[in-house]
Amino acid sequence: MSEKDKVTIIVFSSELDKVLAAFNIATGAAAMGMEVSMFFTFWGLNVVRKENPKISPSHILQKMFGVVNPGGARKLKLSKFHMGGIGTKMMKILMKKSLMPSAPEMVKMAFELGVTMIACTTSMEFMGVNKEDLIDEVSRLTGVATYLALAKESKINLFI
Amino acid sequence: MDTKIDSTLDCYGMLCPLPIIKISEKLKEMKTGEVLELISTDEGIKEDIVAWCDTTGNEYLGLEEDDEVIKVFVKKTVA
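Protein sequences, first through last, are from chains E and A.
Numbering-wise, the numbering used here comes out as the position in the first sequence, counting from 1, plus 615.
Numbering-wise, the numbering used here comes out as the position in the second sequence, counting from 1, plus 70.
Chain E extracted, bound-state conformation (with noise of 0.2 Å):
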């Protein structure tokens, strides 16, 4: 193989059962020796901040936002028979019984594999969501023009 075939995935979405679809076709593709960037945007940004962010966001309605909407991908929620966090729970124990990792540990693999972590500065923006609070894996971040840059040399491009 010579120049590596790229994927790029956007995780849009915050939902267990997709998050970890996304990491499971990112870490898959990492291994069959691809170069792969995955774009943190709106909810999807969720996965890659802290659980407790440094910096409070100086907008009221940003403190607000992230008291309703927290962050860290141990928090995920499933999208369908959460069930209050009963059904959630029953899923992360059956997993467990599967030996699959959470989805704090796919992260965590992705990042071992080399997949590329990138957030999406306008939904950091208008989510108060600084830097800091982003968990260190992720290491660029970028605009839409990066992304699409990215996406016109890719073989294979995911919206989740």
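No lab work stands behind these hints, which were simulated from the structure alone.
It cannot be assumed that every hint is accurate.
[Claimed, not checked] With a cut-off of at most 20 Å between alpha-carbon atoms, the simulated EDC-like pairs for lysine to aspartate or glutamate come out as follows:
no.	chain 1	residue 1	chain 2	residue 2
1	E	K711	A	D80
2	A	K96	E	E747
3	A	K98	E	E727
4	E	K619	A	D124
5	E	K712	A	E104
6	E	K712	A	D112
7	A	K92	E	E727
8	E	K712	A	D72
9	E	K711	A	D112
10	E	K712	A	D80
11	A	K96	E	E650
Note that this is a predicted model, so its numbers are computed, not measured.
Following the hints, position chain A against chain E.
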């Protein structure tokens, strides 16, 4: 399998994408020409290993099935 096996990777009970990730990691430690045996219980590995070898350029040597256990053999041909 008549071929000499240089290394064995136990992925018993693991689901996709773990076996593929473990293989890619394991092969990095191995020398070109060496053969890896993968032990898996994931039915999907039977087709996935072929796809993985096609994409990465490593050689798929075949598989053996015994009840739920699938043994897959891969030769490292890409440095």
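Here's how the hints hold up against the structure:
no. : hint                 : result
1   : K711(E) with D80(A)  : holds, 18 Å
2   : K96(A) with E747(E)  : violated, 35 Å
3   : K98(A) with E727(E)  : holds, 14 Å
4   : K619(E) with D124(A) : holds, 14 Å
5   : K712(E) with E104(A) : violated, 33 Å
6   : K712(E) with D112(A) : holds, 14 Å
7   : K92(A) with E727(E)  : holds, 12 Å
8   : K712(E) with D72(A)  : violated, 35 Å
9   : K711(E) with D112(A) : holds, 16 Å
10  : K712(E) with D80(A)  : holds, 17 Å
11  : K96(A) with E650(E)  : holds, 19 Å
This entry does not satisfy hints 2, 5, 8, going by the numbered hints stated previously.
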